[in-house]
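Number of protein chains: 2
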Amino acid sequence: MRMNDKLSIGTGRDREAAPDIRTEVRTDTIRAYLKKKLRSDQILSDKIDEKYLSDAMGRRKGAAALVVFPESAAEVSFIMRSAWENELPVTPRGAGTNLTGATVPDGGIVLDLSRMNRILEFDPDTFTATVEPGVLLADFQSYVEEKGYFYPPDPGEKQSTIGGNISTNAGGMRAVKYGVTRDYVMGLELVKADGTVITVGSRNRKDSSGLSLTNLLIGSEGTLAVITKCILRLLPKPEYSVSALVPFRTLREGIASVHTLSASGTAPTAVEFVEKDVVRLGEEFTGEKFPPCDAACYLILTFDGSRTGVEEDLKKAETVLRRSGASGFLVLDEPELAKRVWKIRGALVKAVEAVSIQEPVDVVVPIDRIEEFVTFCSGLQKETGIGMVSFGHAGDGNVHLCVVRGDIPQERWETELSAVLARIYSKAEELGGLISGEHGIGLAKKRYFEHASSPELLELMRMIKQSFDGKGILNPGKSYLES
Amino acid sequence: MRMNDKLSIGTGRDREAAPDIRTEVRTDTIRAYLKKKLRSDQILSDKIDEKYLSDAMGRRKGAAALVVFPESAAEVSFIMRSAWENELPVTPRGAGTNLTGATVPDGGIVLDLSRMNRILEFDPDTFTATVEPGVLLADFQSYVEEKGYFYPPDPGEKQSTIGGNISTNAGGMRAVKYGVTRDYVMGLELVKADGTVITVGSRNRKDSSGLSLTNLLIGSEGTLAVITKCILRLLPKPEYSVSALVPFRTLREGIASVHTLSASGTAPTAVEFVEKDVVRLGEEFTGEKFPPCDAACYLILTFDGSRTGVEEDLKKAETVLRRSGASGFLVLDEPELAKRVWKIRGALVKAVEAVSIQEPVDVVVPIDRIEEFVTFCSGLQKETGIGMVSFGHAGDGNVHLCVVRGDIPQERWETELSAVLARIYSKAEELGGLISGEHGIGLAKKRYFEHASSPELLELMRMIKQSFDGKGILNPGKSYLES
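So the sequence lines, in the order shown, correspond to chains A and B. Residue 1 is where the first sequence starts when you use UniProt numbering, and the numbers rise one by one after that. Residue 1 is where the second sequence starts when you use UniProt numbering, and the numbers rise one by one after that.
So here's chain A without its partners, still in its complex pose (with noise of 0.2 Å):
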């Protein structure tokens, strides 16, 4: 993009080079004009806390001249203008608890969605609700289910914004059964990076009018434009959901089960595994306890629908899984028990960290392959020396898996793991997998999506981010983007 380039010069790319006077100049024009129309308390553009220039990692840090907080798409709409007109870049954020660096500026302007946060309407006559990009996920969760609705998507981290969740096409456990962010987006209001405000998708349940914008805007990371009000699509809430905790001797047992028990026509919502060694890291971290059971690895599922249906599924679940190796097959239907159990599998990410430095993994290989990919992991870390700790959602292939820095000094650290990222990426390409499930690029895998796709497809990423920003001012340098 050669407007990235032009743009780079002091923008932050190389925060030790000189300011260059054009930015300057052009950042002064734009808080001047931008003061004209924003209160003070909507731009900050002295004493900039950190969190704007990084992510949930905190790790990368960028630079930027301003961070603007939006309260309408009309402001929105306004910003970008003056942003396209002075060729700055832009930002977007909404909790900034991404974990690839998708919110690390690259100077200009940080766009804070976060005040945004207004759900506009419930509609239960077709099953929608409109919401603005801010609205944290635990809040709308919340909100439907008081009434009586239901959202599926669920990534784990529930503090992150609808926007961010659209932007990265988020998954999360119910995936297996519910399907990701994508499926449940069906209309978005948009402004473009000149500041036209568009509006893509809507309350329909069918579409074939057209290119699908909305689809194309879904896991964009924020490169295409800013999403200023989100059409999302409600299910009733499931009468009934219990989980069970299945215990097995060996994760290969564990993991060519979920196959067995994903054809046996139960629709169980969530299928994740967890090796006994990273239970106990979890029960460390929370001081909680998984039930006493004999395991290497365990399946924890969760069903949901109608009471008849669930026991129905429970029980044809544990017939099969019993067949496929399972050691046990524990209904977890003491609320207590179930808490405890979930409490110690949303924990792990944490309980990682509280030990050490780790890099986060979100490959997504087919569901054929995951017990090959752990295995190859486990595998680099005994060659290494490396700790690698995975887990996930077994029943859609998508491992989470942390490197750990452990005791390896920093001076070593970075070129060690960059060493082991490559193997990893390479062995999920090889099994027909993908860089990220769920994450993103950001910056973070940039390097390693590059590695696997070929030019053509970049190429064409690139030109459809042309049609919509020409200038190339909306979060350059990310995911598919040209460094």
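If you are wondering where the hints come from, they were derived from the structure by calculation, not from laboratory data. Wrong hints could be hidden among the right ones.
Stated by the list, open to error - Chain B residues, not near chain A, derived (Cβ > 12 Å throughout): (1) Gly201; (2) Lys206; (3) Val242; (4) Cys293; (5) Gly328; (6) Leu330; (7) Gly379; (8) Thr415; (9) Ser418.
Said to hold, decoys possible - Below, computed lysine-lysine pairings styled on DSSO-like, alpha-carbon distance capped at 27 Å: (10) A/Lys316 with B/Lys339; (11) A/Lys177 with B/Lys315; (12) A/Lys315 with B/Lys316; (13) A/Lys237 with B/Lys177; (14) B/Lys147 with B/Lys276; (15) B/Lys289 with A/Lys177; (16) A/Lys315 with B/Lys339; (17) A/Lys315 with B/Lys147; (18) A/Lys147 with B/Lys315; (19) B/Lys177 with B/Lys158; (20) A/Lys316 with B/Lys315; (21) A/Lys315 with B/Lys382; (22) A/Lys237 with B/Lys237; (23) A/Lys147 with B/Lys177; (24) A/Lys177 with B/Lys177; (25) A/Lys316 with B/Lys237; (26) A/Lys177 with B/Lys276; (27) B/Lys177 with A/Lys315; (28) A/Lys276 with A/Lys237; (29) B/Lys177 with A/Lys316; (30) B/Lys339 with B/Lys316; (31) B/Lys316 with A/Lys147; (32) B/Lys343 with B/Lys289; (33) B/Lys316 with A/Lys316; (34) A/Lys177 with B/Lys237; (35) A/Lys237 with B/Lys315; (36) A/Lys237 with B/Lys289.
Unchecked claim - Pair ranges (Cβ atoms, derived): (37) B/Ala422 with A/Asp46: 52 to 62 Å; (38) B/Lys237 with A/Arg307: 32 to 42 Å; (39) A/Arg307 with B/Pro292: 43 to 53 Å; (40) A/Gln159 with B/Ala419: 53 to 63 Å.
All C-beta atoms, glycine included, are put in the ideal place defined by N, C-alpha and C.
Fit chain B to the supplied structure of chain A, relying on the hints for placement.
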């Protein structure tokens, strides 16, 4: 598109105009060139059968210099490269069952993909199948069902191809529970206008790795690239399936009850509505009979899943529907009876066509506006004297409307039809609906689609088209493209 304008000279848009000498030269060049790599039975240049110049309606006829029958992606690539170099328009087609003129060629080459009809791989381990685009839906459904699997998309026309289904994002009756074609396409192999072969998507269940070009291609009506391979997602075949016929005394009650049914937590596979008069047409056409019951309108429901689950849903459905005014609830558990009812429902379009020429409309409206839309059409019929037969997918808001010519003389018909269609589409728009729920835009609905879309949106779609096909040779003038 500048290119389109250039290509339109003598390429069928104005069939009466004198043939353009440059086009003729280009066509000769390419014919000679193609003959070097393709067998003679793969190229048709004399006496081109009219079916290659039209769609299933047969009313719009285009022109083409060549019909080419590739048998591999390599051949498609070769043909596209030749067309690209010679700047000749290419119209891809499958079985040509579309109703919108999407396969009406605008000069140049018709690319008939019907010989690329192999099922390349059936992979039960990942619940996927990989097929060529020319595989017929009916063949594919039987193939996977024989193996105990299930491909949910179920548009009415089973002699359509998978490639065509993807190009229109075809829906069908099972969409209310299972979604549409989009939800079952995991990856594609594509040949771009310049002949480049690219692969998008994969066999992975989750994907947050760059822009979703797979989703952009779905529903793009042959304008962006030629599909040469499709990775499709399968489900385990439901254990049991049963339908029910539910009579109502008024259309209003029948349609209003659909929401109550959806909110009840039952998961019907199909929720079709049909009015009494329309049933009568279907009965006369098929020689079959609906079971006798006095009703102004019927819902036809299907439930599938485990036997207990289906029975539970049936019970629940009967309770809520009777409470909403159903005057009966007839479970069609006798296979003969079920077959009869579905035969009548499936024959409705043909039944109308047996009586008169009709114009098919497949508007989709938000699910709470169906009754308003159908009532509007009845009013329009009374006001204009033009027959309107409506029925369709009550569960997802997709109304099929046949606008019936009856005995209106041809010279008046075109004008009257246009006037009536403009009012129908404008009503759909007012209700928050879309021009097409599953048929696509093609040529037939272009004018209404353009009217309903903002100039910015159309411009954006056209710029995306440019990213894929800078010369505008792929299916020029269709859907969102400029005429």
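Pairwise hint evaluation, B/Lys315 against A/Lys147, where the allowed Cα distance is 27 Å at most
Satisfied, since the Cα-Cα distance of roughly 24 Å is no more than 27 Å.
Hey, B/Lys316 versus A/Lys147, does the alpha-carbon distance stay inside 27 Å?
OK: B/Lys316 and A/Lys147 at ~21 Å, within 27 Å.
For a C-alpha distance cap of 27 Å, please report whether A/Lys237 and B/Lys237 respect it.
holds, 25 Å
Does A/Lys237 lie within 27 Å of A/Lys276 when you go C-alpha to C-alpha?
violated, 33 Å
Under the criterion that the straight-line Cα-Cα distance not exceed 27 Å, is the pair B/Lys289, A/Lys177 satisfied?
violated, 39 Å
Going by Cβ atoms, does B/Lys206 stay more than 12 Å from chain A at every point?
violated, 4 Å
Between B/Lys343 and B/Lys289, is the straight-line Cα distance small enough, at 27 Å or below?
holds, 10 Å
Beyond 12 Å from every Cβ of chain A: is that where the Cβ of B/Thr415 lies?
holds, 25 Å
Does A/Lys316 sit within 27 Å of B/Lys316, going by the straight-line distance between their CA atoms?
Within the cut-off at roughly 23 Å; holds.
Given pair status - B/Lys339, A/Lys315, alpha carbons within 27 Å:
violated, 33 Å
Can we trust that B/Gly201 is non-interface, i.e. its beta-carbon lies farther than 12 Å from all of chain A?
violated, 9 Å
Hint check: B/Lys147 vs B/Lys276, CA-CA at most 27 Å. Holds or violated?
violated, 39 Å
Comparing the model with each numbered hint stated earlier shows that hints 1, 2, 10, 14, 15, 16, 21, 26, 28, 36, 38 and 39 do not hold.
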